[in-house]
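**Q** Chain residues, written in single-letter form:
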Amino acid sequence: MIKSNLFVGLIRTLRGIGHDFSKRIWRLGAGARLFGLTLAYSGESFRRFHLTIREVYFTGVLSLIIILVSAFFVGMVLALQGYYTLQKYGSSESIGVLVALSLLRELGPVVTALLFAGRAGTAITAEIGLMKATEQLSAMEMMAVSPISRVIAPRFWAGVIAMPVLATLFSMVGILGGYLVAVPLIGVDAGAFWSQMQANVDWQFDILNGVIKSLVFGVACTMIALFEGYDAPPTAEGVSRATTRTVVTSSLAILGLDFVLTSFMISM
Amino acid sequence: MERTTIDLWVGIFVALGLAALLGLAMKVGNLTTGSIGETFTVTANFENIGGLKPRAPVKSAGVVVGRVADIKFDPATFEAVVSLNIDKRYHFPKDTFANIYTAGLLGEQYIGLEAGGDEASLVNGDKITQTQDAVVLEKMISQFLYNKAAEPAAESTSSNDSGSASTKSNNDALGANPLDAITEPVKP
Amino acid sequence: MNPNIVELDNLSFGYKNRMLHQGINMVFPRGKVIAIMGGSGSGKTTLLRLIGGQLKPSKGEARVDGQVVHKQSRDGIYRLRRKMGMLFQQGALFTDLSVYENVAFPMREHTDLPESMIHDLVLLKLNAVGLRGAHKLMPTELSGGMARRVALARAIALDPDIIMYDEPFAGLDPISMAVICELIRTLNDALGATSIIVSHDVKETFTIADYVYFVANGVVAAEGTPDDLRKSDLPFVHQFVHAEKDGPVPFHYAAGDYKQDLLGFEAK
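Protein chains in written order, with the numbering used here: chain A, 1 to 268; chain B, 1 to 188; chain C, 1 to 268.
Hints were generated in silico from the structure; no laboratory data involved.
Some hints here could point you the wrong way.
[Unchecked claim] Each computed BS3-like pair below joins lysine-lysine, with the alpha-carbon atoms no more than 30 Å apart:
no., chain 1, residue 1, chain 2, residue 2
1, A, Lys23, C, Lys16
2, B, Lys53, A, Lys88
3, B, Lys59, B, Lys139
4, A, Lys88, B, Lys27
5, A, Lys23, C, Lys59
6, C, Lys56, C, Lys16
7, C, Lys83, C, Lys203
8, C, Lys56, A, Lys23
9, C, Lys32, C, Lys136
10, B, Lys127, A, Lys88
11, B, Lys127, B, Lys88
[Unchecked claim] Per the computed footprint, the stretches of chain A lying under chain B, defined by three or more beta-carbons under 8 Å from a beta-carbon of chain B, are:
no., region
12, 50-59
13, 76-82
Owing to the predicted nature of the structure, the values given are computational and were not obtained by experimental measurement.
Built from N, CA and C at the ideal position, the CB exists for glycine as well.
Isolated chain A (complex conformation) (with noise of 0.2 Å):
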């Protein structure tokens, strides 16, 4: 008898992870679908280009406060921590190199990201959520206009837009940060700092390729967001989960692109 209940139970979690699987791979191609809808429609969207600004203005400027104090902060702690760490072998100069391809290379497009998708994926899935629980996309398609084109496209366009200008707003502000506490704060000498950071840190391979890191996660962070939002059961209770698992994909699919993308621009 118990034999048997060990059997089912066993069945049924396999039939659980099979079903969650499929239920995967369904929402992949389902994003991915919504995404070419997206890219089609841009074209009707860019139309009407004040939309797009509107959406800047929400994802980008109003993430601008959260994002500046957070690299303050990260620009510091960097400087403090490398120091510590350089003084060891004698080369504290080097602190300004270390701070700004930290920056550059890693902490701006992926804090900016993940930042991005708490502040502004969220408040994305939930708009488009709402909209439609409460039927306002399915008004529009019956107005005949298409909601991609008028609700999707220009956010994404927004996001897309938006995650470049904060990623390298945020490793200024961060190497700002950096600058204050190894000159004034720990002494380092200025013109080391700068002259040390000058040397090493390559316009194409450090900067550009971060403003490239933090194009892909525009597009990553953006789509996952509207997706989950244009995907989620009408209820409040279906908002609030997809709320939260644009956060949870997001944050998962900016450190697995982080990867890609770096061990790609290091093999370049």
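Place chains B and C on chain A using the hints.
**A** The following block gives chains B and C in isolation, referenced to the frame of chain A:
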């Protein structure tokens, strides 16, 4: 909020982003200091390039005059073929000498050019014939140990001439000569 | 010209193992107010979505102005939808736009009218529903009845030939209900449009409808003018019109033997 206000804010936002990018390029990156305008390419063969990497600087008298464009292996001569992009503003004689140096004890490696006395200048596609290989730390150390080992042996075999022999090996041990011993002879 | 602006011809719709409609035939003559009635979950709203082309029938067809809806391309469906206005159950106003912009929305999307003309038209439509004074408010500042009137103004923004109402009376106080009731009739006659009302409120619907269809168990159970139906001795219609709790629609959800259910617990 009014559409014009939003437009203004977004304009400021994007302008800030562009300014930050420009700031990074100028103040943080080496776009201003390290940028090289039009270049011409010359090649140089080395038997050993050590840790030289593409994009490593090419310096003359300590000033960056170019960058390493490419490093290849020549299967016929078993040598490394290094292409150098050198700024068009600078002209170097045909018999310029190319060395691979190390910045500091453990720093990155770069190519140093020492001008010769030839009338004719290097032009695009030329080959620098006089080169000196990278110093490989292990080789240097093993050479040094070899010399050290040889020193007491020399002292014990000839007791008469001990004074002069020890002076010579002391000079070796002091460091200038081991470098000479392992560096390749200048190629014709 | 075809006297019927909308025709449902042997229309069936459903998901894999549950058919919602099985061969529905309805005609909607021009200029009339037609009601579709039935209990909750009988698929009345689905019929509106089939007419609007948001769903595809499994069998049969819905024709608007002689054109089969589900055989149209996307552009074709959008062209048909411009002849339709739809009032959603909760109004489905765009929460990020003001009352004025909500009514202006279809005009801005589908016409190139100058701003002054849009201004006049919007106030005209808002005046028709008695809310000209509320044009500066945001949807969140409106009561349920007002929101529905604004949504009605938006639905008639482009002078549609067909106006569809999804549960227009649900959740309204008696005064708002009377206002909406009056508006449906007067707007229909003023615009020369055809109105399709989906509702389960017998009293209000019977006062304004010219003809009523009863939907039950996926088929048209009864049809006729309100007077005919009041006198009808069909058991289902009688139960529905006179709001009796038991009849052909049973009080109990289908269940096993009561005694068995109660005693069965211990046997497990």
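**Q** State for each hint whether it applies.
**A** We went through each hint and held it up to the structure:
1. The straight-line distance between the Cα atoms of Lys23(A) and Lys16(C) is roughly 18 Å, inside the 30 Å bound, and the hint therefore holds.
2. Using a Cα cut-off of 30 Å, the hinted pair Lys53(B) and Lys88(A) holds, with the two alpha carbons roughly 28 Å apart.
3. For a cut-off of 30 Å, the pair hint linking Lys59(B) to Lys139(B) stands: about 25 Å separates their Cα positions.
4. At most 30 Å may separate the alpha-carbon atoms for a hinted pair to count; Lys88(A) and Lys27(B) meet this at roughly 27 Å.
5. Distance check on the hinted pair: Lys23(A) and Lys59(C) sit about 29 Å apart at the alpha-carbon level, within 30 Å; holds.
6. Restraint check for Lys56(C) and Lys16(C): satisfied, since their Cα atoms lie roughly 13 Å apart, inside the 30 Å limit.
7. Between Lys83(C) and Lys203(C) the alpha-carbon distance is near 29 Å, which keeps this suggested pair within the 30 Å criterion.
8. With a C-alpha separation of about 24 Å, the suggested pair Lys56(C) and Lys23(A) falls inside the 30 Å cut-off, and the hint holds.
9. Among the hinted pairs, Lys32(C) with Lys136(C) is inconsistent with the structure: their alpha-carbon atoms are about 34 Å apart, more than 30 Å.
10. Proposed proximity of Lys127(B) and Lys88(A) is contradicted: the alpha carbons are some 44 Å apart, above 30 Å.
11. About 16 Å separates the Cα atoms of Lys127(B) and Lys88(B), which keeps this hinted pair within 30 Å; it holds.
12. Under a criterion of three residues with beta carbons nearer than 8 Å to beta carbons of chain B, the stated coverage of the region 50-59 of chain A is upheld, 5 such residues being counted.
13. Counting residues of the region 76-82 of chain A whose CB lies closer than 8 Å to any CB of chain B gives 0, so the stated coverage by that chain is violated, three being the minimum.
Going through the hint list in order, the structure does not satisfy hints 9, 10, 13.
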